[in-house]
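*Asks:* Sequence:
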Amino acid sequence: MSNILEIKQQQLLNKIGQIVAWDYKAKPGEKCSVFTVYINGEIPVRIKSELSYEQFCKIC
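With the sequence shown counted from 1, adding 27 to any position gets you this note's numbering.
Calculated from the structure, these hints are not laboratory results. Errors might be hidden in some of the hints.
[Claimed, not checked] Computed spacing ranges between beta-carbons, pair by pair:
#1 A53 to C84: 17 to 25 Å
#2 P55 to N30: 32 to 40 Å
#3 E81 to P55: 33 to 41 Å
#4 N30 to E57: 26 to 34 Å
#5 N30 to V61: 19 to 27 Å
#6 E33 to P55: 25 to 33 Å
#7 Q82 to K52: 14 to 22 Å
#8 K58 to N30: 17 to 25 Å
Ideal Cβ placement from N, Cα and C applies to all residues, glycine included.
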């Protein structure tokens, strides 16, 4: 499973978001969205992105 997360993190790096800790919360004033996505429909991962969840879903 860690290999899948590493690959996905490399794909996201400097593009549309980054994988963050499960308990991560956006800081006040931070212009980003934090949401849960599922890798292969099974593995939940928290993502921090400048995109909204809807925009993120359209790309991914």
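*Asks:* Run through the hints listed earlier and report the numbers of any the structure violates, in increasing order.
*Replies:* 3 and 8
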